[in-house]
Amino acid sequence: MPGFRPRRQTPSDPPAAGRYALRRPAVFGAWPTGERLARIRRSPQFVDGQFRNPVPTRQLLPGSALPMARTQFAREGRLRRMPVGRIPVHRPTAADWGEPPASGLRLTWMGHSSVLAEIDGHRVLFDPVWGERCSPFTWAGPRRLHPVPVPLGELDPVDAVVISHDHYDHLDMPTVKALIRTGTRFVVPLGIGADLELWGVPEERITELDWHESAEVGGLTLTATPAQHFCGRGLRGPQHTLWASWVVAGPANRIFHSGDTGYFPGFAEIGAAHGPFDATMIQIGAYSEFWPDVHMTPEEGARAHLDLQGGRPTGLMLPIHWGTFNLAPHPWAEPAERTMYAARTAGFPCAVPHPGRPFEPADEPVVEPWWRTVALPPVHGWPSWPARTPATEAFEVAG
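Counting in this note's numbering, the sequence shown tops out at residue 856, every number present.
Bear in mind the hints are in silico, worked out from the structure with no lab data behind them.
Heads up, the beta-carbon is just placed ideally off N, CA and C, and yes, glycines get one too.
A few of these clues could be false.
Label-pair ranges, simulated between beta-carbon atoms [to be verified]: (1) 673 / 498: 21 to 31 Å; (2) 637 / 834: 43 to 53 Å; (3) 843 / 604: 30 to 40 Å; (4) 671 / 535: 43 to 53 Å; (5) 837 / 657: 45 to 55 Å; (6) 657 / 845: 46 to 56 Å; (7) 535 / 838: 19 to 29 Å; (8) 559 / 505: 46 to 56 Å; (9) 513 / 599: 26 to 36 Å; (10) 492 / 556: 43 to 53 Å; (11) 637 / 671: 23 to 33 Å.
Produce the complete structure using the sequences and hints provided.
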């Protein structure tokens with residue numbers, strides 16, 4: 458999520474000594490040192506003392522502070538940024554998870570960017586955030602809008618936890634600590650291993666990858682792929698940990714998780730190298746005209762899905778990064794509405810399940826606009842979605 462612009466400081470001289478080190482809360486994470494820092498310096502993505510995006514990126518548009526504040530505090534906008542009823546959550550049962558998926562692939566969206574993927578006999582948990590707030594503080598910061606579908610203690614062990622980047626809505630210290638006792642392996646971008654070790658994850662259970670590097674977990678291949686975003690857990694500091702999207706490929710199925718990212722040409726390159734995918738999990742929420750480079754709009758998310766599929770309307774898209782936390786000025790239900798409209802226009806299947814409801818991407822998705830029951834409708838009412846039609850080259854990204 459958008460944050461503070463980093464000052465000119467490099468991880469080669471982290472503030473790991475003196476009073477700052479004594480006062481730095483553990484939730485802020487640790488600075489990479491030793492061989493971890495040396496590996497960061499060798500990364501092609503690490504330039505002039507910090508990680509860089511594939512294309513020049515602005516975290517926040519110049520001159521946007523005042524208009525952003527006006528938008529943030531406008532009364533009408535504030536009302537629509539929150540649900541007006543209780544968000545329906547499905548609590549998974551043995552009937553949901555008791556049998557392996559018939560197709561070999563089953564996804565369960567837990568809210569925001571947290572997804573449990575059951576793929577070819579293995580279980581991968583992406584960006585698990587079970588905390589009440591995505592914040593370094595227990596008393597301030599964006600608060601969860603719906604309960605977690607299942608307590609972590611009731612979740613069967615997973616083979617790997619995959620993290621996209623270190624922002625608080627994707628890397629949650631209490632959740633990580635709770636997962637340590639399960640013995641799972643953590644697969645993360647460069648630098649994030651320092652945070653995990655500080656929080657108690659054994660070094661031998663951490664795998665850190667640069668873009669285009671892969672790791673084997675059982676019969677799965679996990680590959681870190683580019684994304685257009687940034688990092689940061691403290692108030693000040695350099696871009697000292699990498700961000701990534703992820704490809705998980707098994708013998709029969711393959712999936713993609715976008716993490717947080719702006720739209721960029723890399724999606725087509727990832728698709729050419731690793732696709733097509735049986736399912737993509739694409740960030741479509743927390744967008745704004747004030748930070749267009751680092752978060753996609755729903756239409757850009759749909760375009761990214763097509764790019765990942767080589768321009769063909771194949772595979773299913775699961776929208777993520779919406780509905781759970783209020784992180785941007787757009788209406789709460791708008792990401793789901795715009796994503797469904799874009800997917801129908803483009804001609805590919807899109808599933809927007811209740812948080813916690815498992816489904817198999819191989820099945821025809823049943824789309825029930827449940828979010829409309831708990832959101833204020835647009836001024837002109839809820840729109841009608843077009844019938845799903847084949848994608849054409851004329852499909853354009855809007856917004």
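So, going through the hints one by one against the coordinates:
1. Between residue 673 and residue 498 the C-beta distance comes to about 26 Å, which sits within the given range of 21 to 31 Å.
2. For the pair residue 637 and residue 834, the supplied restraint of 43 to 53 Å holds, since their beta-carbon distance comes to about 44 Å.
3. Here the CB-CB span from residue 843 to residue 604 is close to 34 Å, well matched to the stated 30 to 40 Å.
4. As the Cβ distance of residue 671 to residue 535 is approximately 44 Å, the hint placing it in 43 to 53 Å holds.
5. For residue 837 paired with residue 657, a C-beta distance near 52 Å keeps the hint of 45 to 55 Å intact.
6. The hinted range of 46 to 56 Å is satisfied by residue 657 and residue 845, whose Cβ atoms lie roughly 47 Å apart.
7. Range check, residue 535 to residue 838: Cβ separation about 21 Å, and the 19 to 29 Å hint holds.
8. Judged by the Cβ atoms, the range 46 to 56 Å given for residue 559 and residue 505 holds: they are separated by roughly 51 Å.
9. Evaluation of the 26 to 36 Å hint for residue 513 and residue 599 yields a pass: the beta carbon distance comes to about 28 Å.
10. Between residue 492 and residue 556 the beta carbon distance is about 44 Å. The supplied range of 43 to 53 Å therefore holds.
11. Our hint of 23 to 33 Å for residue 637 and residue 671 holds, since their Cβ atoms are close to 24 Å apart.
When held up to the earlier numbered hints, the structure conflicts with none and fits them all.
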